[in-house]
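As given, the protein sequences belong to chains A and B, one line each in that order.
In this text, residue positions in the first sequence follow this note's numbering: the first is 1, and each later residue adds one.
In this text, residue positions in the second sequence follow this note's numbering: the first is 1001, and each later residue adds one.
Keep in mind that the hints are not guaranteed to be accurate.
Unchecked claim - Covered stretches of chain A, going by a simulated chain B footprint (3 or more residues, C-beta under 8 Å):
(1) 21-30
(2) 46-57
(3) 84-92
To be verified - Far from chain B, some chain A residues (derived; all Cβ distances over 10 Å):
(4) 6
(5) 68
(6) 75
(7) 81
(8) 103
(9) 110
(10) 116
(11) 178
(12) 196
(13) 199
(14) 203
Keep in mind the hints are simulated off the structure, nothing from the lab.
All residues carry an ideal CB built from backbone N, CA and C; glycine is no exception.
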Amino acid sequence: MLFSAHQLSCIRSHKTLFENVSFQISAGQLLLVEGKNGAGKTSLLKLLTGLRRPDSGEVHWNNLNILNSESDFRSHLAWLGHQNPLKEEQTALENLILLGHIRPRNTNSMISALKTVHLGHVKHKFIKTFSAGMKRRLCLASLLIADTPLWILDEPQAALDKAGIALFEDLAEQHLKNGGMIIMTSHHSVNIAPEYIQTLKLGQESQ
Amino acid sequence: MNSFLTLVKRDLLLAYRSRGEAFNSLIFFGLVILLFPIGISASEKLLAEIAPGLIWIAALLASMLSLDNLFKEDFHDGTLEQWALSHHSLISFAWARLLSHWIITALPLIIIAPMFALSLNLPTEAIGVLIISLLLGTPLLTFIGGIGVALTTGLKKSSMLLPLLVLPFYIPVLIFGASAVDVSADGWSAAGQLYILAGLFVLGITLAPFAVATSLKVSVSQ
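Assemble the whole structure, with the sequences as input and the hints as a guide.
What follows is the structure, given as structure tokens:
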């Protein structure tokens, strides 16, 4: 498994956010994208998922362009943006079942995923009663039931408390140990063993 | 297929849990039809004459009013992005969403339409045709409208753009729908109009989901 970006650049309303961004990660590696607000972190992640087309450059999964119709990239990807894709009028378990339908499933049960993120006791409660941190943890639970090696996460720690962040770091490290890959942005320092981590800094050349 | 049914089930469940909103278009439909006779203080004969057009216009406006919510929530909470990036096709997402939207907003309207038709003194022979024309026409309104909504979902201010985009395409449906009811109220056969509506219906439900899926892809990539 190999995920690589070649000479990516992104132009938003006549302003170059970044250009010539290249990197390569393989199984068991985490790419931490850093940069100040407006440096184009979210835009870069959207290019990497294929939601948006790069203005130049290519993104490859196993040496095949992800926009190629023969690429099986999408069934290996779990994406989590800065919004939580949850429905207020549904319970935690109902939301998780729905998210489970979107991505390929692994053998983890929904209940055990909910217990892992400490939401087992509220699985039948409506999302509208949840705090922002609980919603985020529920989204993380959706990653645990997906059989996808590549996680692309936009600020996964947002809204999480200290225990929540530690929980996320545990889950991420476990995923990396199992041969997964993670690409994420963060404003916090990430407490994961440094041998897994590569860092990509955005928005420095333009200064 | 499995994810299609899950989506339809989700939408019906969500609509059931927020029943108040789901009935908005039904209430609007009823109000337009009930206020009309008061406004024009009409005789039974005049009412029977305008009934086909009135019911159809009310149905069209009610369906346009409800269009706005079609993809808005899924777009804003990121669900749409998730589906766009999944290994499922967005076409089945679009199909499921349009179908459940039709069930939630248009089906109740078709069920109570005969009652309003009677209150407007429409001849009873025409009521069967009214129901058939609505059954063929309202899915078209939803599916054509869906293309416009999918195109404008990503925009911040689009209140007038949507009606401008979809109204021209609604007009043939309105013409043939209302005219089918009209001619059958006069005692003629409405087969011609209904065949044309049926043709448009088949075109709409088979081709519109492709356009909707493509427009949604454009909307999420902004």
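A quick look at each hint next to the structure:
Remark: the segment 21-30 of chain A is not confirmed as covered by chain B, as 0 of its residues place a Cβ nearer than 8 Å to a Cβ of that chain, below the required three. Counting residues of the segment 46-57 of chain A whose beta-carbon sits less than 8 Å from any beta-carbon of chain B gives 6, enough to reach three: the coverage restraint holds. Interface restraint, the segment 84-92 of chain A with chain B: holds (6 residues with C-beta to C-beta distance below 8 Å; minimum three). Consistency note on residue 6 of chain A: stated as away from chain B, and its beta-carbon is indeed over 10 Å from all of that chain's, at 20 Å minimum.
Chain B leaves residue 68 of chain A outside its interface by the beta-carbon criterion, the shortest separation being 15 Å against a cut-off of 10 Å. Non-interface call for residue 75 of chain A relative to chain B: violated, since the shortest CB-CB distance, roughly 4 Å, does not exceed 10 Å. The Cβ of residue 81 of chain A sits about 5 Å from the closest Cβ of chain B, inside the 10 Å cut-off, so the non-interface label is violated. With a least CB separation of 6 Å from chain B, residue 103 of chain A falls inside the 10 Å interface cut-off, contrary to its annotation.
At roughly 14 Å, the least C-beta separation between residue 110 of chain A and chain B is larger than 10 Å, which holds for a residue marked as non-interface. No Cβ of chain B approaches the Cβ of residue 116 of chain A within 10 Å, the least distance being about 21 Å, so the stated non-interface status holds. With 10 Å as the threshold on Cβ separation, the claim that residue 178 of chain A sits away from chain B holds: the shortest Cβ distance comes to roughly 21 Å. The beta carbon of residue 196 of chain A is kept farther than 10 Å from every beta carbon of chain B, the shortest such distance being approximately 24 Å.
Look at residue 199 of chain A: its CB is around 25 Å from the nearest CB on chain B, clear of 10 Å, so calling it non-interface holds up. Every beta carbon of chain B lies more than 10 Å from that of residue 203 of chain A, the smallest distance being close to 21 Å; the non-interface claim holds.
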